[in-house]
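Asks: This is what each chain is made of:
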Amino acid sequence: MAKVKGLRCRECGRDYPVEPIHVCEFCFGPLEVVYDYEEIRKSISREKIEKGPKSLWRYVDLLPVENPTVGLTAGFTPLKKAEKLGEVLGLRNLYIKDDSVNHPTLSFKDRVVSVAISKAKEFGFDTAACASTGNLANSVAAHCAQAGLSCYVFIPANLETQKIFGSLVFNPTVVAVEGTYDDVNRLCSEIANDQGWAFVNINIRPYYAEGSKTLAFEVVEQLGWRAPDAVVAPAASGSLYTKIWKGLKELKEVGLIDSVNTRMCGAQAEGCSPIAQAWKEGRDFIKPVRPSTIAKSIAIGNPADGIYALQTTRESGGDWETATDEEIIEGMKLLAETEGIFTETAGGTTIAVLKKLAQRGAFDPDEVVVAYITGNGYKTLEVLDGHLSEPVRIQATLKDFKEKVLARV
Amino acid sequence: MAVTVRVPTPLRRLTDGQGEVEVDAKTVREAIEKLEEQYPGFKERLLDENGELRRFVNLYLNDEDIRFLKGADTELKDGDVLSIVPAIAGGM
Ligand SMILES: Cc1ncc(COP(=O)(O)O)c(C=O)c1O
Ligand SMILES: [Zn+2]
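Residue numbers (numbering that gives the first Met the number 0), protein chains in the order written: chain A, 0 to 408; chain B, 0 to 91.
Next comes chain A alone, as it looks inside the complex (with noise of 0.2 angstroms):
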């Protein structure tokens, strides 16, 4: 364990052992994994990392796992410049972190499960669970079904079908609670005092959340190893927010790029927006809320790294904008029409919030500009009933053919 040296409280800084635990037993703070950069420094290079796997274990050096055996595949998705939507936006150098394609359950949260659970069988774990908001069900069910994991997910009794059949499919146990993603999640803290089971948002937090480093980490090298003068990305708990600027500032550290200058803006559902109402109402500490929005894979009404994610939107010269159900359709169909990239609610709400972003004038032109799309539309394709043209319904004759489709315009 040379890379990492071992847990510290973010809050009271005391120190821990490498094992499956969360919260400071003193101040109840989050422990976060600490490196020893200095030794990590003195081994990683460029050429070693373009030279490692096409996934996120080429950046094993900084990921707090030893010997990676599951979700080999996650990550290295495209970086793609958004040329048409950036014509539409007014901006010359925008580019879309796609992780709608990520492997294999589509969504980033595939980064952060392939960490968890190479972490949790390295632990000895013989089963995982996580409380979820459906992606990352789905993406703990393909890895322990992988990993030849018991597993258990519990998600909130009403998301989205495709989301729940995304998860039983891979046949874990599915429970299904009445309530809130918020009720879910403090039923599972109660839960995981008692079971025994590696519980990834829960018990193996501190190394689950350092998957979504190589959001960053991957965006700098495709970028040709520099950093972004700004990136737009949703938040839920905050989590993937806060680590990507973390991943930023690392590379930093070890010396694999001079400076970080990105402006860290977030993304969230006017129905579920806590931390950007904070933010613009200039407070460092969350107010909870209930989730009202389509976008339920970030409703989290009580986020655990609201707090933190506003420290790096202040770090970062960074700003926050939230986007109404309407408007995030209208992202969802906006990317989709200029970039053919589906994505689900949470990324319709990235892009709604990257265009008032640009609207108001928050980039320059020429600035490199990253959106994060985070999730496939596929998961959640009954928001979009009725917002979509319809077939245009014909009999097998050419005559049918020239009369309503060659005549419609």
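Misleading hints may appear alongside valid ones.
What the hints assert, rightly or not - Have a look at the derived ranges for each label pair, beta carbon to beta carbon: (1) Pro39/B with Gly223/A: 56 to 66 angstroms; (2) Asp257/A with Gly70/B: 45 to 55 angstroms; (3) Glu280/A with Gly40/B: 32 to 42 angstroms; (4) Thr172/A with Gly70/B: 29 to 39 angstroms; (5) Glu280/A with Asp72/B: 24 to 34 angstroms.
Think of the hints as simulated: they come from the structure by calculation, not from any bench.
Heads up, the beta-carbon is just placed ideally off N, CA and C, and yes, glycines get one too.
Dock chain B with the ligands against chain A, hints included.
Replies: Frame of chain A; chain B with the ligands shown alone:
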């Protein structure tokens, strides 16, 4: 009022490993005082210097967040269950 307190793993060192303990109290605040008497160390872990609930501690009375009730002044009755739950968890 006899109430059951559910103790999370990080605090079980204080209770000799017990996941549930009983205290006699009329309010949440009093329950914390009683916990401190029986298991020294509880109070400073749950409350900050100003006697407010720490930022990373959530307390639930029969599954309802006490911040949506009357906070530390929330009244207790016989048979109530008070859960101490670390706020840090989740991320969908
Ligand atoms: C598609 C998608 N994007 C973004 C997020 C937000 O993640 P975080 O909780 O790390 O803020 C989630 C969480 O489930 C998600 O499913
Ligand atoms: Zn601490």
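Asks: Hints first: check each against the structure and report whether it holds.
Replies: Verification of the hints:
| no. | hint | result |
| --- | --- | --- |
| 1 | Pro39/B with Gly223/A: 56 to 66 angstroms | holds (58 angstroms) |
| 2 | Asp257/A with Gly70/B: 45 to 55 angstroms | holds (49 angstroms) |
| 3 | Glu280/A with Gly40/B: 32 to 42 angstroms | holds (36 angstroms) |
| 4 | Thr172/A with Gly70/B: 29 to 39 angstroms | holds (36 angstroms) |
| 5 | Glu280/A with Asp72/B: 24 to 34 angstroms | holds (26 angstroms) |
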